[in-house]
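We have chain A; now place chain B onto it with these hints.
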Amino acid sequence: MPTQTLPGRSPSGPGRVEVTASPLERLPQPGREGLVAALVALGAVAAVGVWWVDTPAGLLHSAADRLTATGRITGLIGTYLALVEVLLMSRLPWLDRLIGMDRLATWHRRNGQYCIWLLGAHTLFTIWGYAGTDHTGLGHETALVLALPDVVAATVAFAALVAVGVLSARAVRRRVGYQTWYTIHLVTYLAIAVSFLHVLSDGDDFVHHPLNRALWIALYAGVALLVLAHRIGAPVRAAWRHRLVVSRVEPEGPGVVSIYVTGRRLDALAAEPGQFLTWRFLTARGWWQAHPFSLSATPNGRELRITVKASGDHTAELQRLTPGVRVVAEGPYGAFTARRRTRRRVLLVAGGIGIAPLLPLFETLPAGPGDLTLLYRTSRPEDAVLRHELEAIAERRGARVLYRHGSRNQPPDPFSAESLRALLPDLTDHDVFLCGPAGLVERARESLRDAGVPARQIHSEAFEL
Amino acid sequence: MTPLLRRAAATAAATVLGVSLLVAAKSGPGGRPAALAQPGVVGRPPVARGPVATAPPLPEATTSTTVTAPAPVPPSSTSTTAAPPPAPTTAPTARPTPSSAPPTTRPPARPAPAATTATTARPTTTSAPATTATEPAAAPPPPSTAPGPTTTTTAAPGTTTVDSPIFVAAHGRETYGNVQVRLTFQGHRIVDAVALQTPSDRAKSRQINQRAVPILRQEVLDAQSAQIDTVSGATATSEAYAQCVQAILDQVWK
Numbered sequence: 001m002p003t004q005t006l007p008g009r010s011p012s013g014p015g016r017v018e019v020t021a022s023p024l025e026r027l028p029q030p031g032r033e034g035l036v037a038a039l040v041a042l043g044a045v046a047a048v049g050v051w052w053v054d055t056p057a058g059l060l061h062s063a064a065d066r067l068t069a070t071g072r073i074t075g076l077i078g079t080y081l082a083l084v085e086v087l088l089m090s091r092l093p094w095l096d097r098l099i100g101m102d103r104l105a106t107w108h109r110r111n112g113q114y115c116i117w118l119l120g121a122h123t124l125f126t127i128w129g130y131a132g133t134d135h136t137g138l139g140h141e142t143a144l145v146l147a148l149p150d151v152v153a154a155t156v157a158f159a160a161l162v163a164v165g166v167l168s169a170r171a172v173r174r175r176v177g178y179q180t181w182y183t184i185h186l187v188t189y190l191a192i193a194v195s196f197l198h199v200l201s202d203g204d205d206f207v208h209h210p211l212n213r214a215l216w217i218a219l220y221a222g223v224a225l226l227v228l229a230h231r232i233g234a235p236v237r238a239a240w241r242h243r244l245v246v247s248r249v250e251p252e253g254p255g256v257v258s259i260y261v262t263g264r265r266l267d268a269l270a271a272e273p274g275q276f277l278t279w280r281f282l283t284a285r286g287w288w289q290a291h292p293f294s295l296s297a298t299p300n301g302r303e304l305r306i307t308v309k310a311s312g313d314h315t316a317e318l319q320r321l322t323p324g325v326r327v328v329a330e331g332p333y334g335a336f337t338a339r340r341r342t343r344r345r346v347l348l349v350a351g352g353i354g355i356a357p358l359l360p361l362f363e364t365l366p367a368g369p370g371d372l373t374l375l376y377r378t379s380r381p382e383d384a385v386l387r388h389e390l391e392a393i394a395e396r397r398g399a400r401v402l403y404r405h406g407s408r409n410q411p412p413d414p415f416s417a418e419s420l421r422a423l424l425p426d427l428t429d430h431d432v433f434l435c436g437p438a439g440l441v442e443r444a445r446e447s448l449r450d451a452g453v454p455a456r457q458i459h460s461e462a463f464e465l
Numbered sequence: 001m002t003p004l005l006r007r008a009a010a011t012a013a014a015t016v017l018g019v020s021l022l023v024a025a026k027s028g029p030g031g032r033p034a035a036l037a038q039p040g041v042v043g044r045p046p047v048a049r050g051p052v053a054t055a056p057p058l059p060e061a062t063t064s065t066t067v068t069a070p071a072p073v074p075p076s077s078t079s080t081t082a083a084p085p086p087a088p089t090t091a092p093t094a095r096p097t098p099s100s101a102p103p104t105t106r107p108p109a110r111p112a113p114a115a116t117t118a119t120t121a122r123p124t125t126t127s128a129p130a131t132t133a134t135e136p137a138a139a140p141p142p143p144s145t146a147p148g149p150t151t152t153t154t155a156a157p158g159t160t161t162v163d164s165p166i167f168v169a170a171h172g173r174e175t176y177g178n179v180q181v182r183l184t185f186q187g188h189r190i191v192d193a194v195a196l197q198t199p200s201d202r203a204k205s206r207q208i209n210q211r212a213v214p215i216l217r218q219e220v221l222d223a224q225s226a227q228i229d230t231v232s233g234a235t236a237t238s239e240a241y242a243q244c245v246q247a248i249l250d251q252v253w254k
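From first to last, the protein sequence lines stand for chains A and B. First residue of the first sequence? That's 1 in the numbering used here, and the numbers climb one at a time after it. First residue of the second sequence? That's 1 in the numbering used here, and the numbers climb one at a time after it.
So that you can see chain A by itself, here it is in the shape it has in the complex (with noise of 0.2 Å):
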């Protein structure tokens, strides 16, 4: 139902934050997560470089020789990723603006198993080599490796992230309780410690380099102190600063709730509409976890809100939250904001719950009338949450909401590229904010770069990380 007519005003209150995007932000998204994946392989390129200048040419003779130095190499680049897995995770503030916490979330998972498959080479190839020079079988060679310095240890450190790599595998993830996951995911931190260790008591290319070992040892200190910093000294901070509540737990719809937090100099977190917290409610069952919930309300310095839908036994848990409940907060976190416009005109994709981020977006992106169209995918009509305010605020600002409903395989798709090509004719001239579910993500993305939308003007926020 198109809402157009009264002419927009402008959207501004307490606590609206002005932005302004670095050159690097402005870059598309596939330019960012270039920039940053070339960092990530530089890193990679040093780590081997530490092997290749050890090793001098012609080195290699046996085929033990080379098996023992592969195991070597992929030795050193599995240990770096595993780094560079914690890295991906430790909420470090640019990584999130350059890239978003969705998409770090993704490479989190395929560096991690790809992590994985290296050590399991490592494993392999050092083994092999070794039995090799030693003239003895793998049987045998593995016990004799046993017996080295804190072999056995990481041995054990490598059997945790097999264990973890599998119980976040998709299929395995849905079947195994969040607090299994959670505590399996915790143990990573001493089997990375355990790694470093093992490295620095049997790696060649450092038992003996003075220099290899002070980077290798700079490296994870650094490393180190960065998760430190950002996801435990920040939030500390923030929770003593804050002293979040639960103000008020108001029904929006079938299972959702939305939850009002309020605390104490809200405005200086400084969230943007678009951003997301990750958020520990410290009741008797649900304090040791952290769930992420975007703000569904424009940040107003006074009171935050999240729109919450019963999905699994945390969100249901929530919807039974009682006012007065503290709360710690992690964040703002999330680059899905008005920094990413590049044009004047802006269509929102909302799919589900996926309206709570986009709420507030449709609310402040600056825009003229007839500038602004939402999207509004759900499965029911009454699954569509938040309506009032946002007819309300499609009034205000002279915008569009327009509501879809239906299962994902029933025709017409909403989300082909002919239906939103007749939604709006100048479609590409569009940017595009999509958040919803991943399936509904990707398929609207691919619907709007075949209806011609360049990808740097599609920017997504994945439902769940």
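Misleading hints may appear alongside valid ones.
What the hints assert, rightly or not - Each pair of labels, with its calculated beta carbon distance range:
no., chain 1, residue 1, chain 2, residue 2, range
1, B, Pro3, A, Pro366, 30 to 40 Å
2, A, Gly177, B, Val16, 35 to 45 Å
3, A, Asp426, B, Ala24, 34 to 44 Å
4, B, Leu5, A, Ile232, 48 to 58 Å
5, B, Pro214, A, Leu197, 26 to 36 Å
6, A, Leu124, B, Pro214, 25 to 35 Å
7, B, Leu5, A, Trp94, 39 to 49 Å
8, A, Thr106, B, Gly18, 21 to 31 Å
9, B, Ala8, A, Leu190, 25 to 35 Å
10, A, Leu27, B, Ala8, 26 to 36 Å
11, B, Ala8, A, Ala41, 12 to 22 Å
12, B, Ala24, A, Leu124, 15 to 25 Å
13, A, Leu423, B, Gly18, 23 to 33 Å
What the hints assert, rightly or not - If you only want the chain B side, here are some residues facing chain A, beta carbon under 8 Å, derived:
no., residue
14, Val19
15, Gly28
16, Pro157
17, Arg202
18, Asp229
The hints are simulated quantities; they were obtained by calculation from the structure and are not laboratory data. Keep in mind it's a predicted model, so treat the numbers as computed, not measured. Ideal placement from N, C-alpha and C gives every residue a C-beta, glycine not left out.
Then chain B, alone, in the frame of chain A:
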């Protein structure tokens, strides 16, 4: 699913290619030399098994006729029982230039690339072979008064022990540690070889040498010379070990 598989395959292919290229870039000629002691490699004609006719017998050789090989002595206890402490420990540490290093007839230990062979084994002290080489060959020097770092002493009745200079076990630019060997002679027969030092900084080196040292010892006892096979997987130690033995033989049979 397909793009996922495609990405996985591309990553795996890139990794295999990258690592293969790296390894290939550092690879040398296919096989290792089977033995160290090719003709001329250790600088002397091979010492025949059993007594060497041309060599003057050691003084002690006449006092003992029964060959009773002493049990291998651990390096630590050996050094405490040896009358003068092994000289190499107090020997000058400065490395001579390769050209002035061991006896002039010592060619590269391996016919492989020059960069590798030039540094295959460096004696940390070479004054002994260098100076003793100029002494009259006819005068059999009493082992106990042998100049230089090679110390000869009587450890048990009828036997003479000689400590070699220290050689560095190295492979290419990679150095693993020092090797020093003590030979025990009964007459001119080598009846025992003890490794006083072997590379031990790295755990894997310790493991390798635990295996290699008994083999090298047996090889020396069998060959009665420095012409011993390389223990595969312990090339650097083997080469340095052979050089230690050769240095002692150079001294003793001079």
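Results for each hint:
1. Pro3/B <-> Pro366/A: 30 to 40 Å: About 36 Å separates the Cβ atoms of Pro3/B and Pro366/A, which means 30 to 40 Å holds.
2. Gly177/A <-> Val16/B: 35 to 45 Å: holds, 37 Å
3. Asp426/A <-> Ala24/B: 34 to 44 Å: violated, 55 Å
4. Leu5/B <-> Ile232/A: 48 to 58 Å: violated, 38 Å
5. Pro214/B <-> Leu197/A: 26 to 36 Å: About 31 Å separates the Cβ atoms of Pro214/B and Leu197/A, which means 26 to 36 Å holds.
6. Leu124/A <-> Pro214/B: 25 to 35 Å: holds, 30 Å
7. Leu5/B <-> Trp94/A: 39 to 49 Å: The hint (39 to 49 Å, Cβ to Cβ) is violated, given that Leu5/B and Trp94/A are roughly 33 Å apart.
8. Thr106/A <-> Gly18/B: 21 to 31 Å: With Cβ atoms ~23 Å apart, the hint holds.
9. Ala8/B <-> Leu190/A: 25 to 35 Å: holds, 28 Å
10. Leu27/A <-> Ala8/B: 26 to 36 Å: holds, 28 Å
11. Ala8/B <-> Ala41/A: 12 to 22 Å: 18 Å Cβ-Cβ, so the 12 to 22 Å window holds.
12. Ala24/B <-> Leu124/A: 15 to 25 Å: Holds, since Ala24/B and Leu124/A (Cβ atoms, about 19 Å apart) stay within the stated range.
13. Leu423/A <-> Gly18/B: 23 to 33 Å: violated, 46 Å
14. Val19: holds, 5 Å
15. Gly28: Holds, about 4 Å.
16. Pro157: Not OK, violated: Pro157/B not within 8 Å of chain A, min 39 Å.
17. Arg202: holds, 5 Å
18. Asp229: Because about 13 Å separates Asp229/B from the closest Cβ in chain A, which is outside the 8 Å limit, the hint is violated.
When the structure is compared with the earlier hints, violations turn up for hints 3, 4, 7, 13, 16 and 18 and for no others.
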